[in-house]
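Here are the chains, one letter per residue:
2 protein chains.
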Amino acid sequence: MKPYAEMTKEELSEEIASLKKEYAQFQKLGLSLDMSRGKPCKEQLDLSMEMMDVLNSSSDLYCENGDDCRNYGVLTGIQEAKVLIGDMMENNPDNIIIYGNSSLNVMYDTVARAYTHGIMGNTPWCKLDKVKWLCPVPGYDRHFAITQFFGIEMINVPTSPSGPDMDIVEALVSSDEAIKGIWCVPKYSNPTGWSYSDETVRRFARLKPAAKDFRIFWDNAYGVHHLYDDKQDYLIEILAECKRAGNPDMVYKFASTSKITFPGSGIAAMATSPNNLEDILTQLKVQTIGHDKVNQLRHVRFFGDIHGMVEHMRKHADIIRPKFECVEDTLEKELGGLGIGSWTKPLGGYFISFDSYPGCAKDIVDKCKKAGVKMTKAGATYPYGKDPKDSNIRIAPTYPSMEELQKAAKLFTVCVKYSCAEKIYSERFKKEDQ
Amino acid sequence: MKPYAEMTKEELSEEIASLKKEYAQFQKLGLSLDMSRGKPCKEQLDLSMEMMDVLNSSSDLYCENGDDCRNYGVLTGIQEAKVLIGDMMENNPDNIIIYGNSSLNVMYDTVARAYTHGIMGNTPWCKLDKVKWLCPVPGYDRHFAITQFFGIEMINVPTSPSGPDMDIVEALVSSDEAIKGIWCVPKYSNPTGWSYSDETVRRFARLKPAAKDFRIFWDNAYGVHHLYDDKQDYLIEILAECKRAGNPDMVYKFASTSKITFPGSGIAAMATSPNNLEDILTQLKVQTIGHDKVNQLRHVRFFGDIHGMVEHMRKHADIIRPKFECVEDTLEKELGGLGIGSWTKPLGGYFISFDSYPGCAKDIVDKCKKAGVKMTKAGATYPYGKDPKDSNIRIAPTYPSMEELQKAAKLFTVCVKYSCAEKIYSERFKKEDQ
Numbered sequence: 247m248k249p250y251a252e253m254t255k256e257e258l259s260e261e262i263a264s265l266k267k268e269y270a271q272f273q274k275l276g277l278s279l280d281m282s283r284g285k286p287c288k289e290q291l292d293l294s295m296e297m298m299d300v301l302n303s304s305s306d307l308y309c310e311n312g313d314d315c316r317n318y319g320v321l322t323g324i325q326e327a328k329v330l331i332g333d334m335m336e337n338n339p340d341n342i343i344i345y346g347n348s349s350l351n352v353m354y355d356t357v358a359r360a361y362t363h364g365i366m367g368n369t370p371w372c373k374l375d376k377v378k379w380l381c382p383v384p385g386y387d388r389h390f391a392i393t394q395f396f397g398i399e400m401i402n403v404p405t406s407p408s409g410p411d412m413d414i415v416e417a418l419v420s421s422d423e424a425i426k427g428i429w430c431v432p433k434y435s436n437p438t439g440w441s442y443s444d445e446t447v448r449r450f451a452r453l454k455p456a457a458k459d460f461r462i463f464w465d466n467a468y469g470v471h472h473l474y475d476d477k478q479d480y481l482i483e484i485l486a487e488c489k490r491a492g493n494p495d496m497v498y499k500f501a502s503t504s505k506i507t508f509p510g511s512g513i514a515a516m517a518t519s520p521n522n523l524e525d526i527l528t529q530l531k532v533q534t535i536g537h538d539k540v541n542q543l544r545h546v547r548f549f550g551d552i553h554g555m556v557e558h559m560r561k562h563a564d565i566i567r568p569k570f571e572c573v574e575d576t577l578e579k580e581l582g583g584l585g586i587g588s589w590t591k592p593l594g595g596y597f598i599s600f601d602s603y604p605g606c607a608k609d610i611v612d613k614c615k616k617a618g619v620k621m622t623k624a625g626a627t628y629p630y631g632k633d634p635k636d637s638n639i640r641i642a643p644t645y646p647s648m649e650e651l652q653k654a655a656k657l658f659t660v661c662v663k664y665s666c667a668e669k670i671y672s673e674r675f676k677k678e679d680q
Numbered sequence: 247m248k249p250y251a252e253m254t255k256e257e258l259s260e261e262i263a264s265l266k267k268e269y270a271q272f273q274k275l276g277l278s279l280d281m282s283r284g285k286p287c288k289e290q291l292d293l294s295m296e297m298m299d300v301l302n303s304s305s306d307l308y309c310e311n312g313d314d315c316r317n318y319g320v321l322t323g324i325q326e327a328k329v330l331i332g333d334m335m336e337n338n339p340d341n342i343i344i345y346g347n348s349s350l351n352v353m354y355d356t357v358a359r360a361y362t363h364g365i366m367g368n369t370p371w372c373k374l375d376k377v378k379w380l381c382p383v384p385g386y387d388r389h390f391a392i393t394q395f396f397g398i399e400m401i402n403v404p405t406s407p408s409g410p411d412m413d414i415v416e417a418l419v420s421s422d423e424a425i426k427g428i429w430c431v432p433k434y435s436n437p438t439g440w441s442y443s444d445e446t447v448r449r450f451a452r453l454k455p456a457a458k459d460f461r462i463f464w465d466n467a468y469g470v471h472h473l474y475d476d477k478q479d480y481l482i483e484i485l486a487e488c489k490r491a492g493n494p495d496m497v498y499k500f501a502s503t504s505k506i507t508f509p510g511s512g513i514a515a516m517a518t519s520p521n522n523l524e525d526i527l528t529q530l531k532v533q534t535i536g537h538d539k540v541n542q543l544r545h546v547r548f549f550g551d552i553h554g555m556v557e558h559m560r561k562h563a564d565i566i567r568p569k570f571e572c573v574e575d576t577l578e579k580e581l582g583g584l585g586i587g588s589w590t591k592p593l594g595g596y597f598i599s600f601d602s603y604p605g606c607a608k609d610i611v612d613k614c615k616k617a618g619v620k621m622t623k624a625g626a627t628y629p630y631g632k633d634p635k636d637s638n639i640r641i642a643p644t645y646p647s648m649e650e651l652q653k654a655a656k657l658f659t660v661c662v663k664y665s666c667a668e669k670i671y672s673e674r675f676k677k678e679d680q
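For the record, the sequence lines run as chains A and B. The first sequence runs contiguously to residue 680 in the numbering used here. The second sequence runs contiguously to residue 680 in the numbering used here.
Calculated from the structure, these hints are not laboratory results. Careful, some of the hints might be misleading.
If chains are identical, the list can't say which one is meant, so a pair holds when it fits in one copy or spans any two.
Okay, derived cross-link-like pairs now, PhoX-like style, lysine-lysine, Cα gap no bigger than 25 Å in a straight line [what the hints assert, rightly or not]:
| id | residue 1 | residue 2 |
| --- | --- | --- |
| 1 | Lys-616 | Lys-266 |
| 2 | Lys-635 | Lys-489 |
| 3 | Lys-477 | Lys-248 |
| 4 | Lys-635 | Lys-616 |
| 5 | Lys-623 | Lys-458 |
| 6 | Lys-635 | Lys-615 |
Full structure from sequences and hints, please.
This is the structure:
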């Protein structure tokens, strides 16, 4: 089939009529599918069920150093968990704090602490007239929700397959003292799946921020979440690179095992410089009696070491790789050559990013919903939910079964075609019709 | 022996000389004991080891409503955990949010949220010139640390066995709009072990705060932590009483299973009014992906219901009751009639509160430390660590073994006698000596 933009009025009319019928048939199926959130599927969760056996009533619940994991104390996490998560994050265990079950909560707390108490002696953000933030787009809605909640002005930064546009990042960060942070998902980014190039990471580490309390919020959520054995993205480690560049305190790095073991019951962590750690500890010791050490121990005993985790991730990949390929194949088969959409083909992470013909994303998501398939809200990948082109849609293929996914992906392409055909028709021929 | 204050100079000199020797002998023992924190002992932790068996790799990890506890979602906690904790807190499950492992963290967050965003539409506290707080004394050092961390001015309120002095509380709360909260441990209070009388609770519920965003921080940490079967304190339930009094939104109530199962790996909760819950949820949904539902399920499966928890608490009591009695007996035997100290005899909770002859607490704690027994820092039971009488010492008898405790308690009484005798001697006879 030829590109919609090159069709005659009659051809496009026929295509729309045909798509209308196809869409109506889908509506009759009474589907109830969800491709909206990056949730592991049941089979993935089952991979970690043996984690429920590694601690039992006969177990020794003491750490290697003799601390009783059941009792109070050990504020920053047990050493063996720091070693495991250090290997996962590619950081020294001494640079790590192990938290509770949600890295999002750690990020929220980090913004909140800067807001109430300031970073390393700088003015608390609540005392400033204006705080701004850089948001590479498309990005992660829950990041944007945090900065929005604190009334922080978010500035879009375009991204490409090599990462955020560093010319823009450098220019803004070095000139505006009100810019205090940037959200980064550097590897298998949410939603594009792109990973930052070596040059991008190097330029991040060499930023010259106008604000002393500017921090890079480096959410390495998908650090070990590869889809393939033979094709994997590698990232320059940002803490080390910042240290080499003379900017040791510029990064807070986040990660968790949410998409490795159980999303609700994993362990989250931050890696950062000794100065930042000291700053954080003045609050942490007031904030909590410590995090769940038994669960930390459970994770350590389950994985053994980083190799155990890598082997475990391979099993995840075996489950979800076919799902990514199913969506990609369907997109290619149904939309290839039509000139109404482009999409990413990530080597890891949880999402495929789809860009439709401009002005159609909301309508596509709406059409999907009305046929029983829930997609991430259009606009969600942009601050304030506002996609200026109304074009980007995040596809989350992991949760549905293969059978469901095939239906959902096919329906999605029907909605894309239907919506874009109508849009193009309206742009090209509506005046004639009037 | 007669009261120190009635001794002659010679009698007191002899007593001091004798105590000096006794103290020196203790120093030679090379003790290393800890009565400083309210930590369960190993035998208490062992009571919950079977909780490690209730979930295993063959378990069904779904809630009663079909939600998978392993995955994301269920922001406010699983229903069956709300029912269990509701029974524990004496509140409707619908009024409850289940959090992570630390109720202290929930209290911190609650203050932090009021500071950054305000309570139910009121001005965020960070935008106010002054925020004040009432602190019944002696009280819990980690409460005071939170309000101090946020620069909130803390005002001491004296307490008696029936609770805080409500004349003072009412007068201050109704006249000063800057007063936004009060820390309360209403049952088996930290450190006195006293429980609020019915009249005290009723007067709390009928407060007429000048500030619309005044909240009672009701930390019912020891709600089910009785030492005796036949002698137990009962408390009027504060949420219900506030509702009856027309003040439904005035209370945040906190609790946890930290001293029921594992201090590091329990579950914490808040109970409050629907209006407050709605207010909290606007933040909670931004702050976290939810708390550890697997651990919630583990607690529910372990206890079954509130009766199971009550039976479990009886076992705790059997372990720690003799420890409380050991300390109380030693205090009575060694200090009775000397007029240099008084102490509480709680029916539950984790502490005995000791008041020495004024001006001696720091010295007593210091003397204990130098003989190898760590006590809670003198002054810790007052805001800013400042006990105006330098008199109160919190004794935490649960953690040491009985054998250790006997030694530690004995040493403590030697230090009390030694320090108070010196102090009284200095006050009465020092001028003569000069």
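Handout entry: Numbers of the earlier hints that this structure fails to satisfy, in rising order
Key = Of the numbered hints given earlier, those the structure breaks are 2, 3 and 5, listed in rising order.
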